[in-house]
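Number of protein chains: 2
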Amino acid sequence: MKLEPGNYAVIFTSTRTDVDTDYLETFEHLMSLAKEIDGFLGIESARKGLGITVSYWRDKESIELWRRNADHVIAKNRGRQDWYKSYTSIISKIEHCSGFEK
Amino acid sequence: MKLEPGNYAVIFTSTRTDVDTDYLETFEHLMSLAKEIDGFLGIESARKGLGITVSYWRDKESIELWRRNADHVIAKNRGRQDWYKSYTSIISKIEHCSGFEK
Chain B
13 MKLEPGNYAV IFTSTRTDVD TDYLETFEHL MSLAKEIDGF LGIESARKGL GITVSYWRDK
73 ESIELWRRNA DHVIAKNRGR QDWYKSYTSI ISKIEHCSGF EK
Chain A
13 MKLEPGNYAV IFTSTRTDVD TDYLETFEHL MSLAKEIDGF LGIESARKGL GITVSYWRDK
73 ESIELWRRNA DHVIAKNRGR QDWYKSYTSI ISKIEHCSGF EK
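Residue numbers (this note's numbering), protein chains in the order written: chain B, 13 to 114; chain A, 13 to 114.
It is worth saying that the hints were derived from the structure and are not from the lab.
Hints may contain errors.
Which copy? The list can't say, so a pair holds if one copy fits it or any two copies do.
What the hints assert, rightly or not - In silico DSS-like links for lysine-lysine, alpha-carbon gap of 30 Å or less:
id, residue 1, residue 2
1, Lys60, Lys88
2, Lys60, Lys114
3, Lys97, Lys114
4, Lys114, Lys88
5, Lys88, Lys72
6, Lys88, Lys14
7, Lys88, Lys47
8, Lys14, Lys114
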């Protein structure tokens, strides 16, 4: 994944309920749909009690396309109803990237 | 933690080596130092293979203060030498926050 200043990161942090029904299937289905969005750059996810998922986008327009995706809208409603105790979603514009690899 | 547009998120993703010596102690020491930085707003962390730590800052100046903190500089060198196989660090400016809580 190659990120540049001006690209966007969406930081989604969440705490889960104990309802697991359809959760993983829906997550995987949504991932396959997100990857088809023009401007989707990548996604990274980790959980340890708190879940953090960061998705990366070329620009605001690509985030907006994803935000309006019908299956995504349905999943968000289902998420509020069943899977999540709480979440926050932060849209941020990338200014600087650095890295290290052994 | 109250975030506003114009605040900053630093997204640190990493993969670890199997060297654990001093890792947790250093992480906790650095957290206590970061909290003392004027403009530090909060931090969230999760790991599942990949680790994702997001720290939140009032502005770029507070990130810069933290970036130059002597113990932080030492820990970064140690991190590259011992604890991390790879990492990326992304500085991004928050444009929009939303959330949900049951």
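Hint by hint, work out which the structure violates, then give me just those numbers in ascending order.
-> Checked against the structure, no hint fails, so every one of them is satisfied.
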